[in-house]
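Engineer: By the count of full-length UniProt numbering, the sequence shown reaches residue 399 at its end, each step adding exactly one.
Worth flagging that the hints you see were computed from the coordinates, not collected in a lab.
Here a beta-carbon is modelled for each residue, glycine too, at the ideal position from N, C-alpha and C.
Warning: the hint list may mix true and false statements.
Stated by the list, open to error - For lysine-lysine, the following DSSO-like pairs were computed, each having C-alpha atoms within a straight-line distance of at most 27 Å:
{"no.": "1", "residue 1": "K192", "residue 2": "K212"}
{"no.": "2", "residue 1": "K321", "residue 2": "K305"}
{"no.": "3", "residue 1": "K192", "residue 2": "K150"}
What the hints assert, rightly or not - Derived Cβ-Cβ restraints for the label pairs, each shown as a range:
{"no.": "4", "residue 1": "L228", "residue 2": "D75", "range": "17 to 23 Å"}
{"no.": "5", "residue 1": "L276", "residue 2": "S246", "range": "37 to 43 Å"}
{"no.": "6", "residue 1": "M354", "residue 2": "F378", "range": "32 to 38 Å"}
{"no.": "7", "residue 1": "E239", "residue 2": "N382", "range": "54 to 60 Å"}
{"no.": "8", "residue 1": "D235", "residue 2": "I290", "range": "33 to 39 Å"}
{"no.": "9", "residue 1": "D91", "residue 2": "Q361", "range": "34 to 40 Å"}
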Amino acid sequence: MFEDLLNALKNFGQNRVRTFLSLLGIIIGVGSVIIITTLGYSATQSVTSTFGDSGLDQLQISEGFMSRQGQSAYDLSFDEDFREDLWDNIDGLDTIYYVNNVSSTLRLTEGSEASVTVSGIEHNYLESAGAELMEGEWFSVSDDYMGAQKIILGYDTADSLFPNGDGLGQKIIVDTGEYTYGFTVAGILEDKDSGMVDTSEAAYFPRGFYIKKINANPEADSILVQVLDQNETSDTEDEITDWVESFSGEEDLVSVRSMASMLEKVDETLSTISLLLASVAGISLLVGGIGIMNIMIVTVTERRKEIGIRKALGATPSAIKSQFLVEAAAITIIGGTIGIIVGIIISVIATYIMNWSFNIQWSAVLFSFAFSALVGLFFGYNPAARAARLDPVDALASE
Numbered sequence: 001m002f003e004d005l006l007n008a009l010k011n012f013g014q015n016r017v018r019t020f021l022s023l024l025g026i027i028i029g030v031g032s033v034i035i036i037t038t039l040g041y042s043a044t045q046s047v048t049s050t051f052g053d054s055g056l057d058q059l060q061i062s063e064g065f066m067s068r069q070g071q072s073a074y075d076l077s078f079d080e081d082f083r084e085d086l087w088d089n090i091d092g093l094d095t096i097y098y099v100n101n102v103s104s105t106l107r108l109t110e111g112s113e114a115s116v117t118v119s120g121i122e123h124n125y126l127e128s129a130g131a132e133l134m135e136g137e138w139f140s141v142s143d144d145y146m147g148a149q150k151i152i153l154g155y156d157t158a159d160s161l162f163p164n165g166d167g168l169g170q171k172i173i174v175d176t177g178e179y180t181y182g183f184t185v186a187g188i189l190e191d192k193d194s195g196m197v198d199t200s201e202a203a204y205f206p207r208g209f210y211i212k213k214i215n216a217n218p219e220a221d222s223i224l225v226q227v228l229d230q231n232e233t234s235d236t237e238d239e240i241t242d243w244v245e246s247f248s249g250e251e252d253l254v255s256v257r258s259m260a261s262m263l264e265k266v267d268e269t270l271s272t273i274s275l276l277l278a279s280v281a282g283i284s285l286l287v288g289g290i291g292i293m294n295i296m297i298v299t300v301t302e303r304r305k306e307i308g309i310r311k312a313l314g315a316t317p318s319a320i321k322s323q324f325l326v327e328a329a330a331i332t333i334i335g336g337t338i339g340i341i342v343g344i345i346i347s348v349i350a351t352y353i354m355n356w357s358f359n360i361q362w363s364a365v366l367f368s369f370a371f372s373a374l375v376g377l378f379f380g381y382n383p384a385a386r387a388a389r390l391d392p393v394d395a396l397a398s399e
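Given these sequences and hints, build the entire structure.
Structural biologist: Given below as structure tokens:
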């Protein structure tokens with residue numbers, strides 16, 4: 001076997017162009033599989049790491065399609081009774097926050113203004129949603145209970161109103177179109193993603209203020225639910241949807257969304273795309289194998305005299321077959337190794353350019369390498385068997 005390998009390497013050196021062309025198909029096939037699977041996996045990990053654990057234990061409940069279109073026969077209200085029913089019927093809940101939204105214009109006395117949605121929120125809502133304060137302080141329990149006229153600004157909102165960064169403690173006017181209220185800026189949020197809640201272009205005041213000044217008996221516009229176990233978030237999402245359908249008899253009455261289910265769908269989509277592209281790339285391995293078979297057939301034809309001499313000197317058909325199988329396998333193994341190196345290098349460069357973390361699936365590397373070796377053996381078998389069947393007299397007479 002070792003002698004066959006040395007002879008194979010010697011023959012490769014004597015036919016460099018032919019060997020290179022044989023290697024090229026395998027290199028491209030293996031390299032493409034590794035690049036595609038690595039970039040797909042890295043993209044998935046990048047999306048997941050962007051959110052980290054923030055929001056993976058959260059659900060957002062809002063009106064569904066039927067409710068928004070006014071096509072529902074069931075009058076669903078996100079009132080306090082609904083909150084109690086959630087606690088009583090859904091297991092594994094940690095907290096439930098009610099939110100009311102008001103489209104408003106924020107103005108300063110000197111004229112700067114910004115149009116944003118101002119949300120009336122309950123105590124600890126922003127902290128639970130994963131938001132972080134850049135400066136200032138959160139609303140206290142008493143702020144919510146007393147309806148304090150304090151406001152927390154999202155990063156972009158604060159930057160729009162206070163480009164010099166001096167917003168904390170400033171007075172601000174909130175114009176809802178129907179009423180005008182004065183607030184003091186109590187805090188400004190960091191510029192970061194907060195899971196299910198987009199805080200950057202928003203503003204928040206205590207929900208207690210909303211109840212005291214705007215609507216004494218409000219129904220929530222949306223509900224943020226936190227579960228005890230983030231691994232159960234998707235199941236809880238389905239459970240809430242099924243529960244509402246069970247007592248209302250209608251579908252699409254509520255919309256229940258979670259970051260966990262969205263990430264699962266992204267993961268499934270990227271994995272499917274990567275698999276399809278990797279399958280297409282794998283076809284190039286088969287094409288490369290066909291190329292190896294054709295070149296090996298030509299090699300057998302050119303080396304008929306060598307085969308005839310070896311058989312005349314006592315070489316068995318199995319030894320002849322082994323010689324050519326080793327050559328075919330050597331080509332694919334060398335090509336597979338080069339393809340792995342090239343694929344990893346290109347993947348590292350691509351992930352660096354895209355600012356992704358480099359995450360390689362070693363199972364894909366091992367699979368593509370093993371598959372390339374099998375391709376070499378499969379497509380090299382026919383030429384090897386043809387060489388083993390040659391009659392030494394006919395082989396020598398053909399020269």
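Engineer: Would you mind marking each hint as holding or not holding in the structure?
Structural biologist: Checked hints:
| no. | hint | in the structure |
| --- | --- | --- |
| 1 | K192 / K212 | violated, 31 Å |
| 2 | K321 / K305 | holds, 15 Å |
| 3 | K192 / K150 | holds, 22 Å |
| 4 | L228 / D75: 17 to 23 Å | violated, 31 Å |
| 5 | L276 / S246: 37 to 43 Å | holds, 39 Å |
| 6 | M354 / F378: 32 to 38 Å | holds, 36 Å |
| 7 | E239 / N382: 54 to 60 Å | holds, 59 Å |
| 8 | D235 / I290: 33 to 39 Å | violated, 49 Å |
| 9 | D91 / Q361: 34 to 40 Å | holds, 36 Å |
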